Amino acid sequence: QKEVEQNSGPLSVPEGAIASLNCTYSDRVSQSFFWYRQYSGKSPELIMSIYSNGDKEDGRFTAQLNKASQYVSLLIRDSQPSDSATYLCAVNTERDDKIIFGKGTRLHILP
Amino acid sequence: EPEVTQTPSHQVTQMGQEVILRCVPISNHLYFYWYRQILGQKVEFLVSFYNNEISEKSEIFDDQFSVERPDGSNFTLKIRSTKLEDSAMYFCASSESSSTGELFFGEGSRLTVL
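Going down the list, the protein sequences come from chains W and G.
Take the first sequence: its position 86, counted from the start at 1, is 86 in our numbering, and no numbers get skipped.
Take the second sequence: its position 7, counted from the start at 1, is 7 in our numbering, and no numbers get skipped.
If you are wondering where the hints come from, they were derived from the structure by calculation, not from laboratory data.
Just to be clear, a hint being listed does not mean it is correct.
[Claimed, not checked] Interface residues of chain W toward chain G, partial, derived using beta-carbon atoms under 8 Å:
no., residue
1, S32
2, P44
3, L46
4, G104
Remember, predicted model here, so these are calculated numbers, not experimental data.
Quick reminder that beta carbons are idealized off the backbone N, C-alpha and C, glycines included.
Using the sequences and the accompanying hints, generate a full structural model.
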């Protein structure tokens with residue numbers, strides 16, 4: 001059974017600071033990793049995908065993957081109030097066509 | 001920008017009734033998914049669909065549920081004999097490739113079972 005674990009938060013971060021969101025997963029053969037943002041009452045929206053160890057940067061967002069530690073993180077630089085949302089970590093393996101989501105971390109950017 | 005569309009946005013039904021939720025995936029996508037999210041809980045995988053057949057399903061997706069692609073554009077989720085605990089937001093998603101797994105979600109259909 002694949003599990004994806006996230007701290008539910010809320011995580012409060014001052015505007016302009018770096019927000020750090022973490023995720024661990026249980027299935028060692030997981031291959032694809034994703035961060036989605038979900039605003040209250042809305043559908044998940046893909047922010048980042050990462051497939052190999054290391055860092056991947058896209059604008060203010062950096063995803064970090066460490067397969068040995070089964071750990072994925074998302075850094076948001078220069079946090080804005082509009083970044084306030086729930087961030088969902090999601091994981092896939094190539095052996096099945098099923099992407100599993102964590103419960104999400106609620107992020108609150110303090111103006 | 002291409003998007004996944006879902007109808008209805010909200011459906012209220014009586015317990016025991018059948019419900020059909022409809023989705024139009026992004027046109028060049030080949031992989032289709034249904035997820036549900038009970039209020040305040042996590043996004044749960046229900047089923048994936050490729051090449052006109054189910055490729056994966058979760059333990060939630062029992063005989064009460066079925067999916068169909070009746071034509072070249074629609075992808076439907078049927079829930080037979082609805083129960084109170086089926087009340088949730090149901091999200092349809094599509095992906096160009098299962099190996100990338102980048103899902104694009106519709107806005108969701110909120111189902112309320114009374």
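Going down the list of hints, with the structure as the test:
1. At its closest, the beta carbon of S32 (chain W) sits 5 Å from a beta carbon of chain G; the interface hint therefore holds under the 8 Å criterion.
2. The restraint placing P44 (chain W) at the interface with chain G holds, with a minimum CB-CB distance near 5 Å, inside the 8 Å limit.
3. Hint status for L46 (chain W): holds, given a least beta-carbon distance of 6 Å to chain G, under 8 Å.
4. The interface hint given for G104 (chain W) is met, as the beta carbon of that residue sits about 7 Å from the closest beta carbon of chain G, less than 8 Å.
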